Amino acid sequence: MAEKNEEKTLKDVLAVIFSHYKLFLTGSALFMIAVMIVSYYIPVKYKAVSKFERRGDSVAESIGSNPNESFQTKRLTLKQELAGDKAIEKAIEEIGVTKNFARDTKGELTAESLLLKQNLIRDIMANVSIDWEVRTDQVDVVAVSCSAGDPKLAEQLANTLVNRYITWVGGKIIEELKSSRESLKKQVAKCNLCLADLNGKRVEFEGKYAELIVEGTNNLQERIQTAYADIDTLRRQQQLAKQKVKQIRTLVRDTQIKAMKEQLQLLKNEVDTCLTLNQMTQEHPKVQALYSKIAKVEERIKENRDAEAIVLEGSGNQGVDSTVALQLASAESEAEIITDEIDRLQKRITTYKAVMTRSVPLREEYLNITKPLEDQQAATKRWQNRLADVEMTLSTEESHRRTQLRKTQIAQKPTRPLFPPLWGIIAAAVIGGLVFGYGLAFFATSQDHTLHSPQEASEIFAVPVVGAISEIELNRQRKIRIIRQTATALLVCGVVIGTLGLSTYSVILRLGYPEKYMNWKVTISGLAQLPSAQGYRAAESIQ
Amino acid sequence: MGQLMEANKKNSVEETVFPVGSSDTGAENSDATEKDSGTAQKVQGALDQIAQDMAGVTELIREALPDEDWQDQTPSGSIQAPCGYSEVLVAHHDRGGMVTEEYRSLRTNLLARYAQERFCFLVTSAEAGEGKTVTCLNLAFVLAERVDHRTIVVDFNLRNSQMAELLKVPSSPGVADYLRGKSELSQIIQPTVYPNLFFIPAGNLEGYQASELLGRSGLKKLIAQVREDFDYVLLDTPSVNKYSDAGVAGLEAGDALLVVRMNKTRREAVTQAIQSLQNANINLIGMLMTHQKKHFFN
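Heads up: the protein sequence lines correspond to chains X and S, in order. Position one of the first sequence corresponds to residue 1 (my numbering), numbered consecutively onward. Position one of the second sequence corresponds to residue 1 (my numbering), numbered consecutively onward.
Don't read these hints as lab results, they were simulated from the structure. Careful, some of the hints might be misleading.
[What the hints assert, rightly or not] Derived SDA-like pairs: lysine to any residue, alpha-carbon spacing no greater than 20 Å straight-line:
1) X:K479 - S:L89
2) S:K294 - X:S458
3) S:K293 - X:T450
4) S:K264 - X:H452
5) S:K264 - X:A15
6) S:K293 - X:S470
This one's a predicted model, so the numbers in the text were calculated from it and none came from an experiment.
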């Protein structure tokens with residue numbers, strides 16, 4: 001008696017449906033009708049979308065918002081400003097939704113009306129959504145979606161909220177720009193004053209330490225290096241000059257020695273002449289004089305040979321050409337000049353080094369004066385630029401050109417409701433109906449403990465089935481059954497299909513073609529207002 | 001039965017007048033004849049004797065019944081000829097029909113289970129209204145097509161007899177009368193339009209309880225007698241789950257056929273019925289499914 005426990009196949013599913021097809025069809029149809037009827041009572045919602053572009057403006061952003069706040073905070077702020085309770089309250093007042101609300105003698109809303117208004121605002125807030133799409137770094141697109149039961153209200157609400165927001169933000173920006181302009185002007189004036197003060201300090205310092213400030217440390221270092229190089233050059237020139245002097249002096253000495261040797265020879269010849277020709281003795285004064293001269297000349301030759309240089313002195317420079325003397329003088333002069341130049345350069349180097357030693361603290365002091373000055377100049381320029389931007393933005397905003405906020409899409413009156421979705425309802429009805437019908441059939445099958453086939457009986461009870469006899473139905477019974485079943489089927493199908501069709505038709509009209517639906521409803525209402533219907537209702541009321 | 005035999009001897013042998021040879025059934029009969037060809041020679045003499053006996057019984061019944069009733073039950077030669085039987089007895093009215101063929105199939109299956117081609121079993125069900133009586137009668141009709149075998153249907157449903165109503169015959173004297181000792185067996189056996197098919201109605205309780213009557217020794221004697229005199233004995237009994245009558249009759253019959261109505265009888269009821277039959281030591285030869293609706297999925 002073990003029951004089969006196999007996986008359900010499509011054939012099993014179909015068998016379940018077929019075995020209880022009446023239950024399946026009825027359940028499915030009733031579920032569909034129920035879905036249609038329920039959907040008929042779901043309040044419809046129309047959606048209208050208005051979009052505006054929000055351009056990034058450094059001036060306005062610096063004024064209007066905190067740069068440190070997060071995107072989420074900005075989003076919430078935008079939502080509050082755009083569709084907050086106050087914004088919606090003003091919008092509905094502008095649209096005139098509260099026009100017919102009950103008021104007291106002073107024209108103020110009564111307590112009930114205020115409560116009604118609060119509820120209305122809360123409902124509208126719940127049905128307003130804001131989508132913030134970042135298009136580029138500078139451009140954001142904000143979409144305001146309003147859902148309402150009345151398509152006109154949805155359209156007006158979306159447009160009014162966006163218009164009011166743009167106007168409100170524009171006014172706020174103008175006010176803040178004006179305020180900013182004033183503060184920027186003060187800031188620029190303050191910067192100018194500070195700049196003038198710093199400039200005065202700089203001029204005074206530069207006047208006091210002009211040389212030290214003019215030459216920078218690097219420049220001085222370069223100059224020292226240059227001076228050293230010049231000194232080296234001059235030393236080489238000095239050496240050359242000294243060699244030149246030496247050479248000229250050697251030349252002059254040799255010339256003088258030669259001349260003196262010639263003079264000596266002449267003196268010696270004169271002595272010989274005196275001794276030989278003139279027969280003069282050694283003691284002769286003339287000879288003695290000549291000997292004395294010879295000794296002097298020899299001494300002088302000897303002295304000249306030992307001396308490295310000689311000083312050309314007037315008549316003493318016998319035998320030396322004046323040109324050579326001039327050259328020697330020139331060379332000696334040149335050597336002296338070079339030596340003087342070297343000394344001068346060395347002194348300059350010493351001076352430069354001293355300046356360098358003193359210039360570092362001065363330079364720092366100078367930088368301490370010039371750096372704030374530069375900063376102040378930059379700050380002043382920045383403030384001036386901002387002031388210019390603010391003035392330009394202000395003029396733009398005042399001329400209502402709205403460069404920051406621009407409406408890109410005006411909400412149109414929606415022709416079809418957003419909710420409930422027509423195809424969703426139809427799909428839910430069909431799928432849900434089939435599932436529900438199958439569920440009923442499956443439940444009925446699971447609760448059905450009867451036997452459905454000889455094989456089943458044989459397997460369950462392990463008793464052979466010796467035969468299976470079809471249902472015996474007499475012609476008369478069959479006719480009656482067919483007539484009864486046909487009539488019942490026609491009646492049930494008519495009622496079910498009619499109800500289903502009517503409900504589906506009304507739902508399709510209501511959600512898909514609202515205008516036709518309204519016309520249809522008016523027609524139905526008109527039929528209900530016919531005299532016969534009125535008479536019937538009157539009779540009913542009397543009864 | 002002795003009286004019956006005497007009557008048969010007195011009356012001349014009458015030709016078999018019942019039209020059991022329709023085109024459909026004729027083929028099956030010929031098949032059966034071929035199947036039984038091995039034993040046909042041996043039983044030929046016995047069959048002739050039975051045929052003579054049957055003719056005698058028919059004559060007796062003809063004398064006992066009013067003329068108009070006899071006319072109603074006499075077939076006119078046509079299978080579809082009205083005879084007063086209920087229309088639900090399709091094995092009689094629509095002998096070439098699909099349902100009749102299903103009964104013939106049932107007959108074949110049952111005969112396959114009994115090598116001696118003699119059986120006696122009770123037809124019962126788990127619950128009332130499952131088609132026991134109709135099944136019993138239709139099965140008897142197709143068994144009656146075997147002209148060389150004698151069939152009898154006994155209505156043991158003493159509480160709510162429907163068999164006589166279906167056959168449009170008086171419900172008494174019958175089993176109850178026999179068990180009360182008011183009638184003899186020969187008096188309660190009723191003929192049908194088929195010469196080899198007989199019927200014993202339920203009879204009149206006359207204030208007795210059915211269980212009380214069935215508990216009498218006459219039951220055993222009755223069943224033993226019909227088993228002896230007839231080849232095929234069908235005992236129509238009440239539902240086994242409701243009354244113990246089937247168990248009592250089953251003790252004598254030995255075998256039982258359980259009728260189960262498809263798409264109506266609960267499995268639990270069938271289980272209980274099988275259990276009851278097993279408890280009564282009755283051999284369940286099989287189940288017969290009725291009210292089958294044929295469609296693609298079964």
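A quick look at each hint next to the structure:
Restraint check for X:K479 and S:L89: the C-alpha separation of about 18 Å stays at or below 20 Å, so the hint holds. A distance of roughly 18 Å separates the Cα atoms of S:K294 and X:S458; the hinted pair therefore holds under the 20 Å criterion. With a CA separation close to 13 Å, the supplied pair S:K293 and X:T450 stays within the 20 Å bound. Among the hinted pairs, S:K264 with X:H452 is consistent with the structure: their alpha-carbon atoms are about 9 Å apart, no more than 20 Å.
Between S:K264 and X:A15, the direct Cα distance comes to roughly 17 Å. Compliance with the 20 Å bound is thereby established for this hinted pair. Between S:K293 and X:S470 the alpha-carbon distance is near 6 Å, which keeps this suggested pair within the 20 Å criterion.
The structure agrees with every numbered hint stated previously.
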